[in-house]
Amino acid sequence: MFPMQVAELGVEGEGVWLALGTVLMLIGMVVFIAKGWGVQDPEKKEFYIITILIPGIAAASYLSMFFGFGLTEVPVGESYNSFAAANDGVLEVYWARYADWLFTTPLLLLDIGLLAGASNRDIGALVGLDGFMIVTGLGATLMKDGIARYAFWTISTIAMVLLLYYLFSVFTEAAADLDEEARGTFNVLRNVILVTWAIYPILWIVGTEGAGLVNLYVETLLFMALDVTAKVGFGFILLQSRAISGDSTTPTPSAEESAAD
Amino acid sequence: MSDNDDDLAVYELNTRSVVGLVVSVVVGVAGLFALPALQEVFGLSFQQAFWPLLAVEFLAFVGVAVSVLRLHEERSFE
Numbered sequence: 000m001f002p003m004q005v006a007e008l009g010v011e012g013e014g015v016w017l018a019l020g021t022v023l024m025l026i027g028m029v030v031f032i033a034k035g036w037g038v039q040d041p042e043k044k045e046f047y048i049i050t051i052l053i054p055g056i057a058a059a060s061y062l063s064m065f066f067g068f069g070l071t072e073v074p075v076g077e078s079y080n081s082f083a084a085a086n087d088g089v090l091e092v093y094w095a096r097y098a099d100w101l102f103t104t105p106l107l108l109l110d111i112g113l114l115a116g117a118s119n120r121d122i123g124a125l126v127g128l129d130g131f132m133i134v135t136g137l138g139a140t141l142m143k144d145g146i147a148r149y150a151f152w153t154i155s156t157i158a159m160v161l162l163l164y165y166l167f168s169v170f171t172e173a174a175a176d177l178d179e180e181a182r183g184t185f186n187v188l189r190n191v192i193l194v195t196w197a198i199y200p201i202l203w204i205v206g207t208e209g210a211g212l213v214n215l216y217v218e219t220l221l222f223m224a225l226d227v228t229a230k231v232g233f234g235f236i237l238l239q240s241r242a243i244s245g246d247s248t249t250p251t252p253s254a255e256e257s258a259a260d
Numbered sequence: 000m001s002d003n004d005d006d007l008a009v010y011e012l013n014t015r016s017v018v019g020l021v022v023s024v025v026v027g028v029a030g031l032f033a034l035p036a037l038q039e040v041f042g043l044s045f046q047q048a049f050w051p052l053l054a055v056e057f058l059a060f061v062g063v064a065v066s067v068l069r070l071h072e073e074r075s076f077e
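Protein sequences, first through last, are from chains A and B.
Start counting the first sequence at 0; every next residue gets the next number (numbering that gives the first Met the number 0).
Start counting the second sequence at 0; every next residue gets the next number (numbering that gives the first Met the number 0).
It should be emphasised that the hints constitute simulated quantities derived from the structure, not laboratory data.
Among the hints, erroneous ones may be present.
[To be verified] FRET-style restraints, in silico, Cβ to Cβ: (1) A:Ile32 / B:Arg15: 35 to 43 Å; (2) B:Glu39 / A:Asn186: 45 to 53 Å; (3) B:Leu12 / A:Gly145: 50 to 58 Å; (4) B:Arg15 / A:Ala124: 23 to 31 Å; (5) A:Asp178 / B:Leu43: 47 to 55 Å; (6) B:Leu12 / A:Gly76: 24 to 32 Å; (7) A:Pro41 / B:Val22: 19 to 27 Å; (8) A:Gly145 / B:Gln46: 27 to 35 Å; (9) A:Leu212 / B:Leu12: 28 to 36 Å; (10) A:Val22 / B:Arg15: 17 to 25 Å.
Predicted model, so just to flag it, every value in this text is computed and none were measured.
We treat Cβ as the ideally placed atom computed from N, Cα and C, and that holds for glycine.
Bound conformation, chain A alone:
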């Protein structure tokens, strides 16, 4: 059961970037597993499990898209953009990308929230906002009417701006109690999220699902590069940190809690 990709696109089209994305995510996952092998500290294990799962789920998503399981067609009308016009008014949409994001972006927020020492309530609020952002982004992608697509894109982008602001303000405040090393790692990871996540809606609006200024081949390449940076790059930075890697005895929040006790 290989629905569309192999038959119609394969590795000759954007499939090459989907295959590369699968491989890079798998490499990231294997490296993180190797790095975390033998870690005994329960709190560090949490970081490792979450960080390993992020590229693991993403690899499955890229494989799903490569084989066509994660691909569908949305009839938007020939007047929507040049790609719809060239394809009888139909857009090819990789829905698995959004299912992946609905799973992995909350895990990224959980990772950075735990590092910052944010409260469960703050992490939960951010995860809720994140879910809303992804689902409304999906609405933009799956709508047949052009105006509704851009309306949902706007709502999703506003949610993203609120999310990034919340991340910048509340999580940064929570991280203020960390030691210099852990705070430095948090700042870098926060900035990685701020920059990479902000590019996604721009890519959507210029890509085949939006104005159609960028073709599917380039769009898939750029999404893959963003995904690998936001997931594998994020994981490398987090697990290289001395607060997590095992070079220090325990993550800073534990040490401070112990001192407080």
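Go by the hints and put chain B onto chain A.
Below, chain B without anything else, positioned relative to chain A:
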């Protein structure tokens, strides 16, 4: 908790959380491949199959998050 209790406290793997973690990951990954089969088996349109599947994906994330955060239970000897 006294200093003595601190010395004796150990972290024990929560078996239910391990099972929850594995099940959530398997469900999440399977969901990424399941849509065409769901449409074919139940005769559903894309939208009819997709939104429930998306809800399952989010529940799989919740399962992972809860399982990871409860993976270890602190045990102390009285």
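Hint check:
Look at isoleucine 32 of chain A against arginine 15 of chain B: about 23 Å separates their beta carbons, and that is not inside 35 to 43 Å. Under the hint 45 to 53 Å, the C-beta atoms of glutamate 39 of chain B and asparagine 186 of chain A, about 49 Å apart, fit the expected range. The hinted range of 50 to 58 Å is satisfied by leucine 12 of chain B and glycine 145 of chain A, whose Cβ atoms lie roughly 53 Å apart. A hinted range of 23 to 31 Å for the beta carbons of arginine 15 of chain B and alanine 124 of chain A is consistent with their spacing of about 27 Å.
Take aspartate 178 of chain A and leucine 43 of chain B: their Cβ atoms lie about 53 Å apart, and the range 47 to 55 Å holds. In this structure the supplied range 24 to 32 Å is violated for leucine 12 of chain B paired with glycine 76 of chain A, their Cβ-Cβ distance being about 55 Å. At roughly 21 Å, the beta-carbon separation of proline 41 of chain A and valine 22 of chain B lies within the given 19 to 27 Å, and the hint holds. Range check, glycine 145 of chain A to glutamine 46 of chain B: Cβ separation about 18 Å, and the 27 to 35 Å hint is violated.
Judged by the Cβ atoms, the range 28 to 36 Å given for leucine 212 of chain A and leucine 12 of chain B is violated: they are separated by roughly 52 Å. Taking the beta carbon of each, valine 22 of chain A and arginine 15 of chain B are about 34 Å apart, not inside 17 to 25 Å as hinted.
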